[in-house]
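Undergrad: If you want the building blocks of each chain, they are given just below.
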Amino acid sequence: MEYSTFIKFCDIISPKILVTDEMSRRRTGKDAVTIENMRHCLLRWLVGGSYLDIRLSSGISPANFYACIYKCMDAILESEAMAYKFPSTAKELDEATQVFESFSSQAE
Amino acid sequence: MLQIKLPASSETGNVKEYFSGHYQTYEINVQAACDHKFRFAYADLAAPGGANDIAAFKKTQLSQMIQKLSQRRFAIGHDAYVCSKTLLTLFSCVEKDDPSKDAFNFYLCQMRICIEQTFGIMTGKLRILRQPFQIHLKNVGKVLMCITRLHNFCINEGNAYLNSIEDN
Numbered sequence: 001m002e003y004s005t006f007i008k009f010c011d012i013i014s015p016k017i018l019v020t021d022e023m024s025r026r027r028t029g030k031d032a033v034t035i036e037n038m039r040h041c042l043l044r045w046l047v048g049g050s051y052l053d054i055r056l057s058s059g060i061s062p063a064n065f066y067a068c069i070y071k072c073m074d075a076i077l078e079s080e081a082m083a084y085k086f087p088s089t090a091k092e093l094d095e096a097t098q099v100f101e102s103f104s105s106q107a108e
Numbered sequence: 001m002l003q004i005k006l007p008a009s010s011e012t013g014n015v016k017e018y019f020s021g022h023y024q025t026y027e028i029n030v031q032a033a034c035d036h037k038f039r040f041a042y043a044d045l046a047a048p049g050g051a052n053d054i055a056a057f058k059k060t061q062l063s064q065m066i067q068k069l070s071q072r073r074f075a076i077g078h079d080a081y082v083c084s085k086t087l088l089t090l091f092s093c094v095e096k097d098d099p100s101k102d103a104f105n106f107y108l109c110q111m112r113i114c115i116e117q118t119f120g121i122m123t124g125k126l127r128i129l130r131q132p133f134q135i136h137l138k139n140v141g142k143v144l145m146c147i148t149r150l151h152n153f154c155i156n157e158g159n160a161y162l163n164s165i166e167d168n
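Going down the list, the protein sequences come from chains A and B.
Here this note's numbering is used: position 97 in the first sequence is 97, and no number is missing along the way.
Here this note's numbering is used: position 31 in the second sequence is 31, and no number is missing along the way.
Bound conformation, chain B alone (with noise of 0.2 angstroms):
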């Protein structure tokens, strides 16, 4: 979730729609996936911030590239994604209590992690992110992008901090 600042009714022709109930903020919902390298290999905005994730995923076309990928391939998800041949997510509720589904669950976890790695290491180094953007509705996306490929360029150039972390 991309927070906002809360949009004038002349920039969008449904405020409400922006609203999340979960963070009780305006806010955009972002779509985005990693690679083994905490570089971002696919970001956009998807939705305003009221939509569910199910939705907002299905509109990009992250969802085409990852049902695209060759067999045995796969990628991870949020377990508020549905599982299907090539995005894996967690087992949930009852499943869990099956401990191999919760060792599948563990494993799966360490790998995921590295979505939220890559958020942490933008957010830190590009701290505009910490606060509610304040510009135009519509120029939002294009400070997004703008921000996840300087990241990206940031770690193709070589940043000790990751390197530090591959050495060790």
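Just chain A, same shape as in the assembly (with noise of 0.2 angstroms):
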């Protein structure tokens, strides 16, 4: 993933994960676990990497590690621009349907 993809990506989950670090600090007396920290967990443990390293790296603790990528994939969950799209109308059908004509090695 590119850092410009990286951002975006950022910006559509962002509003769903905040926490606020007055809140944070109230319950807990430390700061939010920042949403850039959140992300990294979720991309690294998805791109096959162990929690016992990607715990330390981030200084969170196992059960937030967990808490944190679940919540990140709520929120991608929820988001509308990253939701399937399955071909309905005529146009997505046509430049489905040339496409994969393209495909075919002797196509006309």
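Calculated directly from the structure, the hints in this document are not laboratory data.
Only a predicted model underlies this, so the values are computations on that prediction, with no experimental measurement involved.
Note that the Cβ used here is the ideal one computed from N, Cα and C, for glycine as well.
Certain hints may be false.
[Claimed, not checked] Facing chain A, a subset of chain B residues (Cβ under 10 angstroms, in silico):
no.	residue
1	33
2	40
3	91
4	94
5	107
6	114
7	135
8	137
9	145
[To be verified] Here are the in silico distance ranges between beta carbons for each label pair:
no.	chain 1	residue 1	chain 2	residue 2	range
10	B	52	A	4	42 to 48 angstroms
11	A	91	B	78	44 to 50 angstroms
12	B	22	A	103	25 to 31 angstroms
13	B	55	A	23	33 to 39 angstroms
14	B	127	A	85	24 to 30 angstroms
15	A	83	B	120	20 to 26 angstroms
Each chain sits in its own coordinate frame; assemble them with the hints.
TA: Following this line, the structure appears as structure tokens:
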């Protein structure tokens, strides 16, 4: 994932996982886990990283690690921008048809 | 098929249902469709690994979506599915001896390989899929949905590898 893509990904899910630092400090006495840190955990875990390594580099507990990644996943699943798009309109179907035709080695 | 760890009896009532006799592992049947840009148009956990493909396919919304396709629009499916007016599958067994049907199979396979490539790109990128899922059974669906959506997002945002394929 390129940097610009990561930033766009952050923008999409940020509103849903945002935690107020002040409220976190009142409840736990510590700052909240940053949004970048949460997404870093999710992406590293999905690309095959072990939670043992990731939680050390992120500085969070195992329980908080899983809480963070599931929170991010919920945000992704709720996001309209990242939803599946099954081609249904005539234009989408025409485009798909033309490209699939070109996959054939003897398409005209 | 999505490989999972042996589910605990507290997670599911029937653990044996998840055992796939073909692959000799515990799995969940995933039904998915992709478009021409290797993006998932649909993906869902359909049934436990012991279920057959056609039974799993009928349980998903994908079968209804394909049935609703307009005239002269077709989806291409694995030969485990039943051929219909909107779903094309390969000719099998003796039928393949006919040269015209064999040619049909050849051209259909050239397009059907798209879904294999889609899964290949996804598992190459998100390598958690290269090993059995070590998570609670109830969260497997959530993780898979998230992975497929992230895969689509990466392609939509421009992936250098895929762009180079299109250029060639």
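Undergrad: Given the hint of 25 to 31 angstroms, check if residue 22 of chain B and residue 103 of chain A actually sit that far apart at their C-beta atoms.
TA: Roughly 29 angstroms apart at Cβ, these two residues keep to the hinted range, so it holds.
Undergrad: Interface hint check: residue 33 of chain B, Cβ to nearest Cβ on chain A, cutoff 10 angstroms. Holds or violated?
TA: 7 angstroms, holds
Undergrad: Determine whether the Cβ-Cβ distance between residue 91 of chain A and residue 78 of chain B falls within the hinted range of 44 to 50 angstroms.
TA: Roughly 28 angstroms apart at Cβ, these two residues miss the hinted range, so it is violated.
Undergrad: Can residue 145 of chain B be said to touch chain A, with a Cβ gap under 10 angstroms?
TA: 6 angstroms, holds
Undergrad: Tell me if residue 91 of chain B is really an interface residue toward chain A, meaning its C-beta lies closer than 10 angstroms to one of theirs.
TA: It is violated, given that the least Cβ distance between residue 91 of chain B and chain A is near 17 angstroms, above 10 angstroms.
Undergrad: Could one say that the CB atoms of residue 55 of chain B and residue 23 of chain A fall in the range 33 to 39 angstroms?
TA: Taking Cβ atoms as reference, residue 55 of chain B and residue 23 of chain A lie about 48 angstroms apart, which means the hint is violated.
Undergrad: Can you tell me whether the CB distance of residue 52 of chain B to residue 4 of chain A sits inside 42 to 48 angstroms?
TA: Taking Cβ atoms as reference, residue 52 of chain B and residue 4 of chain A lie about 44 angstroms apart, which means the hint holds.
Undergrad: Quick check on residue 40 of chain B please, does its C-beta sit within 10 angstroms of some C-beta on chain A?
TA: 6 angstroms, holds
Undergrad: Would you settle whether the hint for residue 137 of chain B is holds or violated, based on the nearest Cβ-Cβ distance to chain A being less than 10 angstroms?
TA: Nearest chain A Cβ about 14 angstroms off; hint violated.
Undergrad: Between residue 127 of chain B and residue 85 of chain A, does the beta-carbon spacing fit 24 to 30 angstroms?
TA: 26 angstroms, holds
Undergrad: Grab the minimum C-beta distance from residue 107 of chain B to chain A and call the hint holds if it beats 10 angstroms, violated otherwise.
TA: 5 angstroms, holds
Undergrad: Does residue 94 of chain B meet its interface restraint, that is, does its C-beta lie within less than 10 angstroms of any C-beta in chain A?
TA: 25 angstroms, violated
Consistency with the previously given hints fails for numbers 3, 4, 8, 11, 13, ordered from lowest to highest.
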